[in-house]
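Quick note: the sequence shown uses the UniProt record's numbering, first residue 1, plus one each step.
Worth flagging that the hints you see were computed from the coordinates, not collected in a lab.
The beta-carbon is built from N, C-alpha and C at its ideal position, and this holds for glycine as well.
Please note that the accuracy of each hint is not assured.
If you anchor each label on the Cβ, the simulated ranges turn out as follows [what the hints assert, rightly or not]:
#1 Arg11 - Cys77: 32 to 42 Å
#2 Ser69 - Tyr37: 18 to 28 Å
#3 Val35 - Ser117: 32 to 42 Å
#4 Asn140 - Arg48: 36 to 46 Å
#5 Pro31 - Cys77: 24 to 34 Å
#6 Ser117 - Cys139: 14 to 24 Å
#7 Arg141 - Lys43: 38 to 48 Å
Derived lysine to any residue pairs resembling SDA-like cross-links, with alpha carbons at most 20 Å apart [stated by the list, open to error]:
#8 Lys43 - Gly88
#9 Lys151 - Asp161
#10 Lys43 - Ile97
#11 Lys151 - Gly32
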Amino acid sequence: MYTRDEENRLRRLGADFHRTSRGGLITFHGPGQLVIYPIFDLKRIAARPVGVRRYVEMLEQVVIECTSSDFGIVDVCRTEHTGVWVGGNRKLAALGIAVSHGVSYHGLALNCNTDLSWFDHIIGCGIEDAEATSLSRECNRDITVEETIPKMVQRFSSVFDCEVQ
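Working from the sequences, and respecting the hints, build out all of it.
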């Protein structure tokens, strides 16, 4: 939980705060991030109902397949912390979901060419020793949200076996 003093310090830097009902702690959303908030009836995702943990794993799998296969990042992985990581300690994508009456909302944020300096001012997801990274940093070239969208749509369609519109 961030104190009023910490919120005021971040507001002076130009940050806005929005409290949500999703899982997880403080995160950052800003330009250069691909933010995906899918809405699914978890009873209808696959041939059989999907639980919350499996749903989170499927979202992580979308990012892992896209970043490893489409962008060539070789050490993309899951850890004991939710999200998608590079080398086990650099967070590439954050996940925070909520479920109400079996329907998911909120989702994930993949850092494409995000200004990572914002993460220097917060303890992202409450993980003290985590470092934020981006596709651009990991691939040593500018990777935009626009370049990433069609690749994520393809991977999302494959993992969830659905058509994305």
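Structure-based check of each hint:
1. Arg11 - Cys77: 32 to 42 Å: holds (35 Å)
2. Ser69 - Tyr37: 18 to 28 Å: Holds, at about 23 Å.
3. Val35 - Ser117: 32 to 42 Å: Since the Cβ atoms of Val35 and Ser117 sit about 19 Å apart, the hinted range of 32 to 42 Å is violated.
4. Asn140 - Arg48: 36 to 46 Å: holds (42 Å)
5. Pro31 - Cys77: 24 to 34 Å: holds (26 Å)
6. Ser117 - Cys139: 14 to 24 Å: At 19 Å between Cβs, range holds.
7. Arg141 - Lys43: 38 to 48 Å: For Arg141 and Lys43 the Cβ distance comes to about 42 Å; the hint holds.
8. Lys43 - Gly88: violated (32 Å)
9. Lys151 - Asp161: holds (15 Å)
10. Lys43 - Ile97: holds (16 Å)
11. Lys151 - Gly32: OK: Lys151 and Gly32 at ~16 Å, within 20 Å.
Checked against the numbered hints given earlier, the structure breaks hints 3, 8 and satisfies all the rest.
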